[in-house]
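K.L.:
As given, the protein sequences belong to chains A and B, one line each in that order. The opening residue of the first sequence carries number 1 in my numbering; numbering runs sequentially from there. The opening residue of the second sequence carries number 1 in my numbering; numbering runs sequentially from there.
If you are wondering where the hints come from, they were derived from the structure by calculation, not from laboratory data. The reader is advised that the hints may include incorrect statements.
Sample of chain B residues at the chain A side, in silico, Cβ under 7 Å [claimed, not checked]:
#1 Tyr-28
#2 His-32
#3 Leu-36
#4 Glu-40
#5 Leu-44
#6 Arg-46
#7 Cys-51
#8 Ile-53
#9 Leu-65
#10 Leu-91
#11 Leu-104
Built from N, CA and C at the ideal position, the CB exists for glycine as well.
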Amino acid sequence: MNSVSDYLGLRATRRIDKLTSMDRTARPESGIRDKLAENLQFIEDGMILLSKEYHLPNAFGARGYVDLLARDARGKLVVIELKRSDSTARQAIHELIKYTTLLRSNHGVGVERVRCILVSTDWAELRVPFSEYLRITEYETEGKILLLDAEGWSSGTKPINPLENPGIPEILPWHYIYLYQSAERRDTAVTQISEGLTEQAILDHILVCLNHPADERIIFPYAIYWAFSLPDVRENYDDVNREVSFEEADAFAYRATRGIHPDNMEIGYPDKFRSVLQSWSICSVCRGGRFGSATIWPDDAIQAILRSDRGRYSRFFQSVASPQHDPTWRAFRRDIEDFFSENVRWRQGVAAVLDEASLTPYSIVSVNAFNPCDVTTAMIRAFDHEITAAFPSLEIIIGKGDRGHPFSMLVPWCGMERLSRASRSEP
Amino acid sequence: MVWDGKTFPREPERTIGDILEGGLEGYYDLYHFDQLGQHEDQLLNRHGLSCEIFLVDSGRIKCRLCPGSQALTWEAWDPDKLRTRTVKEFLAASRNYITILRRLLSVIDFGLSMRVDGAKLPDN
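With the hints as constraints, model all of the structure from the sequences given.
P.N.:
Put into C-alpha cells, the structure is as follows:
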C-alpha cells in the first residue's frame with residue numbers, strides 16, 4: 001500500500017507535469033535533447049557528453065539509438081533516455097532494457113560500468129512501471145523530472161522518488177472464530193466485522209462463513225472464520241521485518257469488533273483451519289482490500305491462505321525450482337528459510353544443500369517438507385494412529401535438468417559429486 | 001528425524017514442564033496461539049530426538065550433514081558401525097511416557113466447541 005507521502009509525491013509530480021505540459025511552445029523531443037546535450041549539468045554535474053543518438057546495432061530486432069550517451073565523474077557510461085510525452089514515456093523502460101542489453105552484447109560492457117538515467121517531462125504513466133523496474137534491475141538507474149522554461153526548453157531536472165514496494169498482504173497466523181446459533185445473526189455479523197476492520201484501516205481481510213451439518217452435539221453450527229493482515233501498521237515501523245505479536249494484532253481485532261458479540265468464540269490458526277474443514281463446510285467468503293476480487297482470489301486461493309500453504313506460518317512446503325532462473329531460485333530459498341525459521345538445524349542444513357545445488361545451474365531441486373512445530377502432539381498422534389507421519393519430515397531431491405524434458409532426466413542427487421561443466425547437458 | 005537411543009523420558013510434567021512456562025497448562029496456551037515452534041528444538045532435545053539431514057543414494061544413507069564451527073560438513077555414514085535410531089523405535093520405547101502424556105493432556109480442556117472429537121488433528 002502506498003504511503004500518504006507517496007500519494008502526495010505523486011500529486012506533486014502530476015502538478016509539475018501539468019505545469020510543464022502547459023508550455024506554450026511544444027518543443028520537439030529532438031530539440032529538447034539537443035538543448036539538454038549542451039547543458040548536461042541540468043542532469044548531473046561533471047557529466048561529459050560522448051554522443052547524441054548513439055547507434056547500437058541489433059541483430060535480433062530494431063536497432064537502438066541512445067538519446068544521450070555520457071560519462072559521469074566516476075568514469076561510468078551513462079545512458080540517458082529522454083521522453084517528452086506521456087505516450088512515448090510508455091516505451092522508456094523497454095528501451096532502457098534494450099540499450100543496456102545491447103551495450104553488453106555489442107560492446108561487452110557489464111553492469112558495473114553502466115548507469116541509466118530516465119528523464120521525462122511526464123511521469124504519470126511512468127512512475128509505477130519505473131518503480132517496479134528499479135526493484136528488479138541490476139543497473140544503477142535513476143529517474144528525473146525534466147523541468148521546462150516558459151519557452152519549452154529544458155531548464156533543469158528534479159529527481160523522482162520511486163514508489164515504495166507495495167508488498168504482498170500477509171495474513172497473520174492468529175485467526176478468529178465467531179460461533180453462532182443462528183445463520184441470521186452470523187450473516188449480520190459478517191458485514192459488521194468487515195466494516196469494523198475497514199474502519200480500523202485493516203483493509204486486507206478474509207471472512208469465511210462456515211456451516212456444520214446437523215448434529216445435536218454442536219451448539220453453535222454457524223461460524224465466521226476470519227483473519228487479516230496489518231500492512232498499514234507495519235509500514236510505520238522502523239523495521240518493517242519486525243514480527244507482529246499476537247497482542248498487537250489482537251488489539252486491532254478488539255477495536256475492529258467492539259460491540260460485536262458472538263455467541264461463542266475461539267482462536268484459530270492455519271492448522272486449525274485445516275482441521276475445521278474436515279467437518280465444516282464453507283457457505284460464503286467475504287473478501288476485503290486486496291483480497292477483494294473473487295477472480296484474482298477465488299475460494300481455493302483464500303483457503304490456501306488460511307491454511308498457510310506457503311509462507312512463514314505454513315506447516316507444509318512443497319516446491320520445485322532451478323538455480324538457472326535466479327529470481328525464482330532466490331524466492332524459493334527465501335520461502336524455505338521462512339518455512340524452517342523455527343528449526344535451526346534444518347534451516348542451516350537445507351541452506352548448505354541448496355548451496356551445493358547452486359553450483360550446478362541446470363539442476364532441478366524439489367523440496368517436500370512437513371514441519372508441525374509440535375512434537376508433543378506428534379507423539380500422541382503417532383501413538384494413537386501408529387503413524388510416524390505426524391513428525392517433521394524433509395525430502396530434497398536434486399536432479400540434473402534437461403531443457404526440453406526437465407523431469408525426464410530427474411535423477412537422485414548423487415552424493416558429493418558436483419556435475420562438472422563437461423558432463424552437464426548444456427541447452 | 002532420529003532418536004539418540006539413550007533418552008527415555010519418564011515424567012511428562014518434568015520433561016515438558018521444565019521447558020514450557022506453566023507446564024502442561026502452558027503447553028495448552030502455546031498450542032492455541034500456535035507458538036510452540038519457539039520451544040520445538042528444546043522439546044525435541046529433551047526427548048532425545050533431532051532433525052538431521054542424510055544424503056541417500058540408491059536407498060542407502062551415504063553421509064550425514066553435521067554442524068561445524070564454521071560451516072556445515074558432510075561426514076561419511078557407515079551403516080555397519082552407526083545405525084540411526086528411528087522415531088518408531090522411540091515410540092516403542094516410550095509407550096508408558098506417551099500414555100501418561102496423553103492422559104494428562106486429555107484432562108486439560110481441549111473441548112473446542114468446533115470439534116466434537118476433541119483435539120483430533122488431521123492426518124497428513
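K.L.:
Run every hint past the structure and note whether it holds.
P.N.:
Checked hints:
no.: 1; hint: Tyr-28; result: violated, 10 Å
no.: 2; hint: His-32; result: holds, 5 Å
no.: 3; hint: Leu-36; result: holds, 5 Å
no.: 4; hint: Glu-40; result: holds, 5 Å
no.: 5; hint: Leu-44; result: holds, 5 Å
no.: 6; hint: Arg-46; result: violated, 9 Å
no.: 7; hint: Cys-51; result: holds, 5 Å
no.: 8; hint: Ile-53; result: holds, 4 Å
no.: 9; hint: Leu-65; result: holds, 5 Å
no.: 10; hint: Leu-91; result: holds, 6 Å
no.: 11; hint: Leu-104; result: violated, 10 Å
Checked against the numbered hints above, the structure breaks hints 1, 6, 11 and satisfies the rest.
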